[in-house]
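Participant: Sequence:
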Amino acid sequence: MTDTPHLSLPLLAAAQAQKHVTHNEALAALDAIVQLAVKENDRTQPPGSPAEGDRYLIGAGASGSFANHEGEVALFDAGTWRFFTPRAGWRIYVEAQDSILVFDGSAWRDLGHYSRQLDHLERLGIGTTADDLNRLSAKLNAALFAALTAGEGGTGDLRFVLNKGEPTNVLSQLYQRGFSGRAETGLIGSDDFSIRVSPDGSQWRDSLLIDRNTGVVSFPSGLNGAPGPNLLINSAFLVNQRAFAGGALAAGVYGFDRWKAGASGCTLTRAADGSVTLAGTLEQVVESAQAASLFGFTNFAGRTLTLSVEDPSIPLPVSVGTKSATIPAGAGRRSATVTLDASETGHLTARLQPSSACTFKRVKLETGSLATPWIGQPLDMEELRCRRFYQRLVTTSGSLIVLGVPGQRISSNLIDILCQFPVPMRASPSLVTSGFSWSSGAPVNNQIGFFDNTGGVWLTPSGGLAVTASGTGPSAMVLRIQAGTSFTGSAGAIGYLHLGSSAYTALSAEL
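Take the sequence shown: its position 46, counting from 1, is numbered 46 in our numbering, and each next residue is one higher.
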């Protein structure tokens with residue numbers, strides 16, 4: 001054997017003359033190919049003025065002195081070019097491209113070719129150091145994921161899959177500033193998709209929830225610009241079945257529908273532009289069933305609610321349930337937000353209680369921490385909502401006011417009138433009257449009278465008079481007029497109850 005098997009270095013023969021020549025040739029070859037580095041890759045012709053020891057990797061289609069040496073390493077040595085044929089496993093550093101190539105026995109390949117399939121890596125850090133918690137870490141300014149097209153052997157689709165273990169685990173994307181969380185999206189502690197935000201990385205507020213079963217979207221903190229349902233009825237103070245003319249209201253007395261004076265009473269007026277002026281305490285009790293009807297909640301316990309008005313002239317103290325706040329004065333919609341205790345499971349009282357006369361309009365109570373625009377209801381719909389709590393029995397209008405259903409004298413001292421309510425009420429109501437007196441003729445003012453159509457006469461009671469309700473339910477009742485002794489006329493007669501101009505009978509299921 002005259003050469004070494006791997007680098008083809010010349011060996012000294014036993015009785016060789018001029019051994020130094022062979023030795024120097026081997027050293028020159030070692031100097032050329034050990035720790036191999038070349039100036040350029042794919043060089044096709046020799047440079048014009050090479051320096052002693054310069055090396056190049058010859059590319060395809062080479063000419064001149066490089067012809068027929070494709071893929072070989074060229075060394076400029078002692079004023080001439082020497083060529084080295086690579087063997088599998090040789091590695092070379094290319095200065096011009098700052099890259100490392102490896103010869104696989106037939107061609108030079110970039111070192112990256114051998115790292116295209118990496119399995120079971122324990123850590124990977126790109127531009128930074130990975131650790132036991134963040135086993136894949138990257139510090140960069142942009143990242144791109146592009147679909148592999150059908151022409152490249154793919155499908156053209158791109159799906160980024162994240163998978164968690166149990167429903168109570170977290171699968172999310174967390175957005176941070178200064179490594180403190182500000183927003184998070186994903187399946188956060190449940191299998192429903194949610195988005196939440198935080199001002200400091202520790203206090204989190206749910207912004208969006210999507211039910212995985214129904215697809216229904218909810219906004220627990222409110223939706224800016226989109227009006228939320230108003231829990232208050234008659235919030236514009238337009239429905240006025242009691243014919244309240246404005247002025248003082250004693251404690252617990254209703255004025256405009258659904259609104260009553262608080263414990264200290266109040267003074268309330270409404271202007272033509274819809275603004276109201278309030279001194280004292282005004283309140284409305286919100287039915288707990290609204291929680292289920294509007295939002296699917298069992299009740300309002302623990303909920304965040306916002307009470308707002310438009311254009312309050314002075315700061316307006318308010319309360320919702322047991323929680324108090326103050327709506328600041330100013331133009332536009334102004335609001336105050338409270339979060340109820342878990343114990344507040346019943347009906348909910350909203351109170352407006354200014355320290356002095358305050359002018360405002362369009363009151364709104366809604367869930368969430370944002371005040372959204374006030375949207376009015378058609379007046380007829382608003383009145384129907386009010387009549388679930390209070391309504392007057394239907395009468396004719398004009399100079400002759402008659403209850404809209406006939407009554408019958410069922411015994412000598414009893415007249416029964418079956419009244420079906422135009423609007424079913426929230427619960428079985430109580431009877432409310434104007435405190436009228438009886439008239440044995442056509443009634444006037446706060447009087448009532450019963451005209452016997454059979455006999456064509458007005459009935460007269462003896463022994464006192466009582467007007468009560470019996471058989472009362474949410475949809476109907478019997479209005480019973482009872483004389484202490486008897487009525488004139490004949491039993492079984494049918495007629496109508498007439499009312500004076502200020503007399504009325506009404507039903508109340510107020511909270």
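Honestly, I wouldn't trust all of these hints.
As the list claims (entries may be wrong) - Simulated DEER-style distance windows between Cβ atoms:
#1 273 - 248: 30 to 38 angstroms
#2 35 - 178: 42 to 50 angstroms
#3 206 - 178: 17 to 25 angstroms
#4 162 - 213: 33 to 41 angstroms
#5 96 - 61: 42 to 50 angstroms
#6 190 - 134: 36 to 44 angstroms
These are computed hints drawn from the structure, not numbers from a lab. In this text, a Cβ means the ideal position worked out from N, Cα and C, and glycines have one as well.
Participant: Output the indices of the hints that this structure fails to meet, ascending.
Facilitator: Result: hints 1, 4, 5, 6 break, sorted rising.
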